[in-house]
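K.L.:
Modelling step: build the complete structure from the supplied sequences, incorporating the hints.
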Amino acid sequence: MTAGIELFSIGFWFLTISGVFAVTVLRQPRHRLVMVVCVHLLVLYWAVGGTGTALLLGALVTAYVALRVGSPTIALIAPALAVFIGFKLGTLPAIRSVSGQELLAITGYSYVFLRWVDLVRTIRAGVAACPSPLDFIHYMIPFHMLSAGPIQTYRDYVDHPISCPPLTFHKGLSSTERIAKGLFKKFVLAHIIQSVCLTGFQAGPWYTVLELQLFFIWLYLDFSAYCDVAVGIGMLLGLHVPENFNRPYLARNVIDFWERWHITLGQSVRAHLFVPVQLALMRTRLGRYRLGCASVAFGVAFLLCGLWHQFTMPFFLWGAIHAGGVVICNAYKTILIRRYGKKWFKRYNAHPVVRVVATVITFEFVACSLYWVGKAP
Amino acid sequence: MKPAYKIAIRILWVALRLAAVVALGKSGSPFFYQGF
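First to last, the sequence lines map onto chains H and D.
Here the working numbering is used: the first residue of the first sequence is 1, the next is one more, and so on.
Here the working numbering is used: the first residue of the second sequence is 378, the next is one more, and so on.
Short, incomplete list of chain D residues facing chain H, as computed with Cβ under 10 Å:
| hint | residue |
| --- | --- |
| 1 | 379 |
| 2 | 384 |
| 3 | 388 |
| 4 | 390 |
| 5 | 391 |
| 6 | 393 |
| 7 | 394 |
| 8 | 395 |
| 9 | 397 |
| 10 | 398 |
| 11 | 399 |
| 12 | 400 |
| 13 | 401 |
In the DSS-like style, the derived pairs of lysine-lysine whose C-alpha atoms are separated by at most 30 Å in a straight line are:
| hint | chain 1 | residue 1 | chain 2 | residue 2 |
| --- | --- | --- | --- | --- |
| 14 | D | 379 | H | 171 |
| 15 | H | 343 | H | 333 |
| 16 | H | 346 | H | 333 |
| 17 | H | 181 | D | 379 |
| 18 | H | 171 | H | 181 |
| 19 | H | 181 | D | 383 |
| 20 | H | 171 | D | 383 |
| 21 | H | 375 | H | 181 |
Label pairs and their in silico Cβ distance ranges:
| hint | chain 1 | residue 1 | chain 2 | residue 2 | range |
| --- | --- | --- | --- | --- | --- |
| 22 | D | 397 | H | 204 | 30 to 38 Å |
| 23 | D | 399 | H | 340 | 56 to 64 Å |
| 24 | H | 368 | D | 382 | 45 to 53 Å |
| 25 | H | 353 | D | 383 | 34 to 42 Å |
| 26 | D | 380 | H | 54 | 51 to 59 Å |
| 27 | H | 346 | D | 397 | 42 to 50 Å |
| 28 | D | 380 | H | 31 | 35 to 43 Å |
| 29 | D | 399 | H | 124 | 43 to 51 Å |
| 30 | D | 392 | H | 292 | 51 to 59 Å |
| 31 | H | 204 | D | 399 | 31 to 39 Å |
| 32 | D | 392 | H | 54 | 36 to 44 Å |
| 33 | D | 382 | H | 339 | 53 to 61 Å |
In case anyone wonders, no lab produced these hints; they're calculated from the structure.
Here the structure is a predicted model, which is why all the values come from computation and not from measurement.
All C-beta atoms, glycine included, are put in the ideal place defined by N, C-alpha and C.
P.N.:
Shown next as structure tokens:
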């Protein structure tokens with residue numbers, strides 16, 4: 001739609017970034033917020049069409065009203081949960097033939113769901129006040145973070161209100177550099193790897209070993225590129241966009257990996273799945289077995305995280321593999337500390353050979369975990 | 378204040394990358410995470 005430009009294509013980004021530069025002329029935070037919210041709604045309509053937009057906005061309005069009148073949390077979560085599950089299940093039969101835009105709808109709603117959960121829990125905890133309608137829309141469906149994150153927490157959103165300093169030459173250049181970096185990674189580097197090297201693991205066992213490495217590299221380039229563009233757009237608009245990656249290839253174990261890769265998803269999983277499950281278990285008689293409680297909580301969190309991505313067997317396996325990796329890693333660390341003490345563990349961790357071996361093993365573990373996800377049907 | 382040549386190099390590098398995006402990039406390719 002829209003003059004034949006596909007969503008999130010090169011043309012889309014050039015058009016959007018030109019619009020973003022135009023919005024920087026607005027110097028009043030409220031004026032800029034109104035304009036940015038209009039852009040969010042326009043892109044949402046572009047992505048999911050009239051029906052999808054109406055459905056999502058309907059759910060959001062219901063949820064917002066429920067939030068305002070102070071219904072119980074379960075009632076607050078229900079509308080978003082219904083939309084989320086409805087879209088996940090409703091699109092399952094068509095998942096093999098859906099277009100990128102339809103897939104965006106699923107993803108977008110998934111991210112909206114996570115933001116909604118965070119918003120409700122933050123307000124319930126008394127950490128932040130209920131947002132205004134404009135802020136609510138702006139927080140829930142930001143166009144530059146809708147497709148592939150990052151997942152900004154509501155606390156982070158409240159702590160960083162929209163700012164409208166004049167667009168200086170250096171700020172404009174830094175923002176453009178970040179956006180150019182993202183577009184280059186996605187549309188040149190990732191595209192070359194994808195079109196030249198990736199076969200969907202159909203090229204035989206020996207090439208599969210190489211392809212696993214390339215798939216992981218391609219995934220990082222593709223995914224982090226989106227975040228680069230989102231951060232760059234945020235810099236231009238005076239919006240805080242959290243970083244989502246911190247040199248993930250240097251991770252030395254799976255727990256470390258999740259603190260470096262899709263950081264905001266890791267934080268969300270920890271805050272809304274791992275910690276509640278672990279606390280609930282610790283309050284029971286099982287609380288004596290701390291390692292066991294943590295292992296069960298990790299397992300539940302990562303299995304649900306896998307299914308959050310898609311209700312399919314490949315993503316269930318991916319979640320299970322990461323759950324297993326995190327549980328083993330945590331148990332290994334705990335056992336070593338119990339047996340040899342913290343000082344020894346610190347020295348062991350600092351040893352360069354251990355570091356290199358651990359980093360290589362982690363890289364291979366994550367690369368291999370992507371096999372079913374990347375395998376062509 | 379950064380030297381002018383450093384700023385010129387940054388601008389050139391941005392321009393080169395954007396030119397590569399336009400010249401080599403495949404329009405319309407969805408992001409992988411869109412599929413999640």
